[in-house]
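Student: These protein sequence lines map, in sequence, to chains A and B.
Taken in order, the first sequence gives residues 1 to 583; the numbers are from our numbering.
Taken in order, the second sequence gives residues 1 to 336; the numbers are from our numbering.
Treat the hints as calculated values from the structure; they're not laboratory data.
Treat the numbers as computed from the prediction; the structure is a model and nothing was measured.
Check before you lean on any hint, since a few could be wrong.
Distance ranges between label pairs, derived from CB positions [said to hold, decoys possible]: (1) D196(B) to Q364(A): 47 to 55 Å; (2) Q163(B) to F375(A): 39 to 47 Å; (3) P267(B) to A572(A): 40 to 48 Å; (4) I565(A) to K60(B): 36 to 44 Å; (5) Q163(B) to G321(A): 58 to 66 Å.
Calculated pairs, DMTMM-like style, for lysine to aspartate or glutamate (alpha carbon to alpha carbon, straight line, at most 25 Å) [stated by the list, open to error]: (6) K320(B) to D78(A); (7) K413(A) to E361(A); (8) K163(A) to D151(B); (9) K144(B) to E157(B); (10) K369(A) to D51(B); (11) K38(B) to E256(A); (12) K148(B) to E361(A); (13) K372(A) to D51(B); (14) K382(A) to E36(B); (15) K336(B) to E256(A); (16) K206(B) to E162(A); (17) K328(B) to D78(A); (18) K369(A) to E241(B); (19) K326(B) to E376(A); (20) K320(B) to D58(A); (21) K38(B) to E376(A); (22) K328(B) to E483(A); (23) K298(B) to E283(B); (24) K372(A) to D66(B); (25) K372(A) to D64(B); (26) K321(B) to D78(A); (27) K60(B) to E376(A); (28) K382(A) to D151(B); (29) K59(B) to E376(A); (30) K321(B) to D58(A); (31) K382(A) to D51(B); (32) K161(B) to E162(A); (33) K74(B) to E483(A); (34) K144(B) to E162(A); (35) K74(B) to D58(A); (36) K148(B) to E162(A); (37) K328(B) to E256(A); (38) K154(B) to E113(B); (39) K55(B) to D550(A).
Note that CB positions come from ideal geometry on N, CA and C, so glycine has one too.
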Amino acid sequence: MNGKELTLGHTIPASSAFYRVRHFLSTPVNWVFLGVAGILAFLSLYPTTFLIYGSFTDSPLGVPGQFTFQNYVRAYSDPSAYPLVLNSFIFGIGSAGLSVVLASALAWITIRTNAPYRRLFELTAIVPNILPPILISISWVMLLNPNNGLINVTLVKLFGLEKGPFNIYSIPGLIFVEGLILTPLAFLIISAALKGMDPSLEESAKTLGSSEFGVARRITFPLMRPAILAAATLNFVRAIESFDTPAIIALPARIEVFTTKIWREALGSFPTNHNLAAAYGIGILLIALLFVYLYRRFTSQVESFSTVTGKAFKPHQIDLGPWKYLASTSALILLIMMVLLPIMVLMLISFLPYYHVPTWETWQNVTVKHFKTVFENERVYKAFGNSLFLALGGATVCMLLAALTSYLTVRTKIAGRGFLEGLVFIPWAFPGTALALGLLWAYVNFPIPIYATIWIIMIAYVTRFIPYGLRAVSSTIIQIHKELEEASVVCGAGFFATFRRVLIPLMRPGVIAGWIILVTIFMREFSASIFLYSPGSEPLGPLIYFFYLDGWYGPMAALGLIISIICIILIAIAQRFSRWESK
Amino acid sequence: MLRKAYLFAAFFALALLSAVPANSQSAKMIEAAKKEGKAVIYGSLESGTFDTIVKAYRKKTGLDVDYWRASATKVMDRALSEYRAGKPLFDIILTNDNPMQIMQKEGIFAKYESPTAKDYPQDAIDPNLGARYRNVIIGVVYNKSVIKPADAPKSLEDLLKPQYRGKLVMPDPTQHTTTTQWVASLWKVMGQEKADKYIRDLAATKPILVESLLPAAKRVTTGETPIAITYVKYAYVYGREGAPLDYVRLGKMMGDGHYLTLSNKAPHASAGKAFIDYFLAQESMKLLAQEGEFVNLKGVYPPLPDADKIQFVEMVDLDKKGFAAKKKEYQAIFLK
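Go ahead and model the full structure; you've got the sequences and the hints to work with.
Tutor: What follows is the structure in structure tokens.
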């Protein structure tokens, strides 16, 4: 048996096409590849095709029309479109960069150092991912708006300033808030990879006389590069397609980014112009694909990142000495910004009859009426049931597909495996609203009654968020050395046995991290759900938005806090079951 | 005396005879509605206000509804998409005049003359859409704890004064359709020439632009921006929660009408009709008024001070082309 045959999914060259097909189908992993490719192709290409079609037609959603380039001409011949491309890039790169820097620092402190209370920081770093971004943005506006932001007001009073030093309504403000929103996602990806890293290389470097800083710079950081790039890529695309933060901060500041332009010109215009929205969506897709290509180039030399081997190890922990208190203080400051301040504002909103800058009189008016409203509202219970079903079911399906896709793209040499990753990234690169429109278009006449049921939302979640799971799993699988699979195959195990008994347990940190990310995202997903839900299938995301739309800020904040608490409990349970800590 | 008694008896009998068919029609309708199940409504009326009506409706009839709430634009978008695809799930659409007119032109509505619509003034009845049950009125709302009533603006023109610069918030007229209509209708209260100048001067004060009328009002309640161009009803709605709000008594104020109309492909037509009958009746209109709405029944006002003194001026209707042209025009003025 040679090395080539040992590699799962590797096909032997043959002269005849028939022989090649027969040989291809004789390997179980190839059947898995075909199945996964079929599902992913259907999930992503079907609605995407409708979106592309929509961008080249002149008729409204669901109506056959004439072929036209007019939507592209209108979208991209407008001179004002080009400054917004620059703005979007600055916003995307700034937010993704900030999130990765903060997440890396937090992950390194919590996992690789002996900083006190690091376990607490690790758990609470996930909390902001649970809060709906719209609530975080609103909180920061309450904290940093130039007129009566709480931080500005406090600084003015403390130092006798003429006006508050911070202005949230600016590009730095926009980047700061989006960076904080994106940090937990980067943290989950980077920390999962950091936990799975073999410390032997670091120990060797240390033995050879390298300082702790030198080890971090020369060994740890290069080994972490795929995870850091994965997080940066994900967050860049997520930032340029996000609308929540720009709607709250960029619109009043008159900063135009891609999504505010789409909103102004197409989706929020009257009447809605889906064709123009699709043409803009294609622009974002191309930008996203460029970044996916760059990501794949960065991580092409997979072998050089293999650090999880069959040998038992414990992650290398750095003794910071007296600096450990500084590390904890840094993590604490980050967590005050990411968790405590937004939650404090949400609590103020939820416990005051109406939100205002607190005075001494405020405390006499504290009320629980907003929580009462939430608990007495049957719509909340219904929405909670729907979201829980979508979150648990959707995240499980997503992670199963992501684990298989990740294995097939990273560990096999099946021709066309790159196509799988491309399939997954296509719908994700569209703004959620545009994908939702594609799905509506695609499923409204579908023979199986999926339209206007909870299943169309489930399909949207799985389609759009597989990349999140995929990145989490891939950054772990890249580090698993092939020798373990090869040993399993040598011992006579087939593909399914090897996948189940060797790879899944080794991939567990990534799988669990991905599952947690997805559950927390699905519990509050908004941009796709808002277009897809029907009466009876309303999830929590749109419900929170409608509380916002109806000016029910108090119940909105109360519901946001309740969802967060439930998600924290879910995460704690998931972590316990995964035995993640023991790794 | 006896003659008077006969006359009264005859009048009473006549009234009873005319009422019996209506009651039996209503009873039959409710029976049919119960067999069909819940009516499905797509609308832009705030959920809290709508819930008040639905609770009373349930109590009175034992019927229930499913409500899908979104902005007027999204309601129209969804309704038209479903209708064009031949799968309309809604029975009733409930939203602003302009999108209702566009949907009417697309032919999605049935003509249903509700017996309860007869209580509305004749000029509030649209031949195709039915009764215009309420008006949404836009004015100037301010925060009394930041700006003392004596220092508050007294007119739209006052908003241009330097002391209010940076203190005014309004929905973005290049994006928010009702505000596009409001700006485009200013000539109705100040004349064309003056309105043209006013729009440019207003834009030059660089008001804070937000996505719709409610976020504008919310900024006034928090004090972040103390003056807003928004629905005057918010002065009452948030005032009753304790927010120190008041509105400028402008005299003439502009606004738009609201309708609810049955779909001509309603899956639960009887359930839809039963709800429309209840919704347009005095009982539910009084509930709406208590929630701060300006309903179209004579003598019924929201509990907002001086609500009865407001002179309502209906905004101009714009078609698709009209909206596009105005938005382009306002982009050059407000976003430069």
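Student: Each hint needs a verdict: does it hold in this structure or not?
Tutor: Against the structure, the hints come out as follows:
1. Our hint of 47 to 55 Å for D196(B) and Q364(A) holds, since their Cβ atoms are close to 50 Å apart.
2. Checked against the hint of 39 to 47 Å, the pair Q163(B) and F375(A) passes, with Cβ atoms roughly 45 Å apart.
3. Remark: the range hint 40 to 48 Å for P267(B) to A572(A) is upheld by a beta-carbon distance near 44 Å.
4. Checked against the hint of 36 to 44 Å, the C-beta distance between I565(A) and K60(B) comes to roughly 38 Å, which is consistent with it.
5. The supplied range of 58 to 66 Å is met by Q163(B) and G321(A), whose beta-carbon atoms lie about 59 Å from each other.
6. This hinted pair checks out: K320(B) and D78(A) have alpha carbons roughly 20 Å apart, not beyond 25 Å.
7. Of the supplied pair hints, the one linking K413(A) and E361(A) is violated, its CA atoms being roughly 69 Å apart against a limit of 25 Å.
8. Proposed proximity of K163(A) and D151(B) is supported: the alpha carbons are some 22 Å apart, at most 25 Å.
9. In summary, the hint linking K144(B) to E157(B) is supported, as the alpha carbons are separated by about 20 Å, within the 25 Å threshold.
10. Of the pairs offered as hints, the one joining K369(A) and D51(B) holds, with about 17 Å between alpha carbons and a cut-off of 25 Å not exceeded.
11. Proximity of K38(B) to E256(A) is assessed by CA-CA distance (about 43 Å); at most 25 Å being required, the pair is judged violated.
12. Simply put, K148(B) and E361(A) have alpha-carbon atoms about 19 Å apart, close enough for the 25 Å limit, and the pair holds.
13. In summary, the hint linking K372(A) to D51(B) is supported, as the alpha carbons are separated by about 16 Å, within the 25 Å threshold.
14. Taking the CA atoms of K382(A) and E36(B), the gap is about 22 Å. The hint holds against a cut of 25 Å.
15. Between K336(B) and E256(A) the CA atoms are separated by roughly 12 Å; this keeps the pair inside 25 Å, and the hint holds.
16. Under the criterion of a C-alpha separation no larger than 25 Å, the hint pairing K206(B) with E162(A) is consistent with the structure, at around 22 Å.
17. Between K328(B) and D78(A) the CA atoms are separated by roughly 12 Å; this keeps the pair inside 25 Å, and the hint holds.
18. Proposed proximity of K369(A) and E241(B) is supported: the alpha carbons are some 11 Å apart, at most 25 Å.
19. For the proposed pair K326(B) and E376(A), the alpha carbon gap of about 44 Å is over 25 Å, so the pair is violated.
20. For a cut-off of 25 Å, the pair hint linking K320(B) to D58(A) stands: about 15 Å separates their Cα positions.
21. Taking the CA atoms of K38(B) and E376(A), the gap is about 21 Å. The hint holds against a cut of 25 Å.
22. Taking the CA atoms of K328(B) and E483(A), the gap is near 64 Å; set against the 25 Å cutoff, the hint is violated.
23. Restraint check for K298(B) and E283(B): the C-alpha separation of about 13 Å stays at or below 25 Å, so the hint holds.
24. For the hint pairing K372(A) with D66(B), the CA-to-CA distance comes to about 22 Å; that is within 25 Å, so the pair holds.
25. Between K372(A) and D64(B) the CA atoms are separated by roughly 23 Å; this keeps the pair inside 25 Å, and the hint holds.
26. Between K321(B) and D78(A) the CA atoms are separated by roughly 19 Å; this keeps the pair inside 25 Å, and the hint holds.
27. Restraint check for K60(B) and E376(A): the C-alpha separation of about 21 Å stays at or below 25 Å, so the hint holds.
28. Note on K382(A) and D151(B): the hinted pairing is violated, with a Cα-Cα distance of about 48 Å set against a maximum of 25 Å.
29. Restraint check: the Cα-Cα separation between K59(B) and E376(A) comes to about 17 Å, which is no more than 25 Å; the hinted pair holds.
30. Restraint check: the Cα-Cα separation between K321(B) and D58(A) comes to about 15 Å, which is no more than 25 Å; the hinted pair holds.
31. With a C-alpha separation of about 15 Å, the suggested pair K382(A) and D51(B) falls inside the 25 Å cut-off, and the hint holds.
32. For the given pair, K161(B) sits about 22 Å from E162(A) by alpha-carbon distance, which is consistent with the 25 Å threshold.
33. For the hint pairing K74(B) with E483(A), the CA-to-CA distance comes to about 55 Å; that exceeds 25 Å, so the pair is violated.
34. With a CA separation close to 23 Å, the supplied pair K144(B) and E162(A) stays within the 25 Å bound.
35. Restraint check: the Cα-Cα separation between K74(B) and D58(A) comes to about 20 Å, which is no more than 25 Å; the hinted pair holds.
36. Of the supplied pair hints, the one linking K148(B) and E162(A) holds, its CA atoms being roughly 22 Å apart against a limit of 25 Å.
37. As the CA atoms of K328(B) and E256(A) are separated by approximately 16 Å, the hinted pair is consistent with the 25 Å bound.
38. Among the hinted pairs, K154(B) with E113(B) is inconsistent with the structure: their alpha-carbon atoms are about 43 Å apart, more than 25 Å.
39. Our distance criterion of 25 Å between C-alpha atoms is met by K55(B) and D550(A), whose separation comes to about 18 Å.
Against the hints set out earlier in the document, violations occur for numbers 7, 11, 19, 22, 28, 33 and 38.
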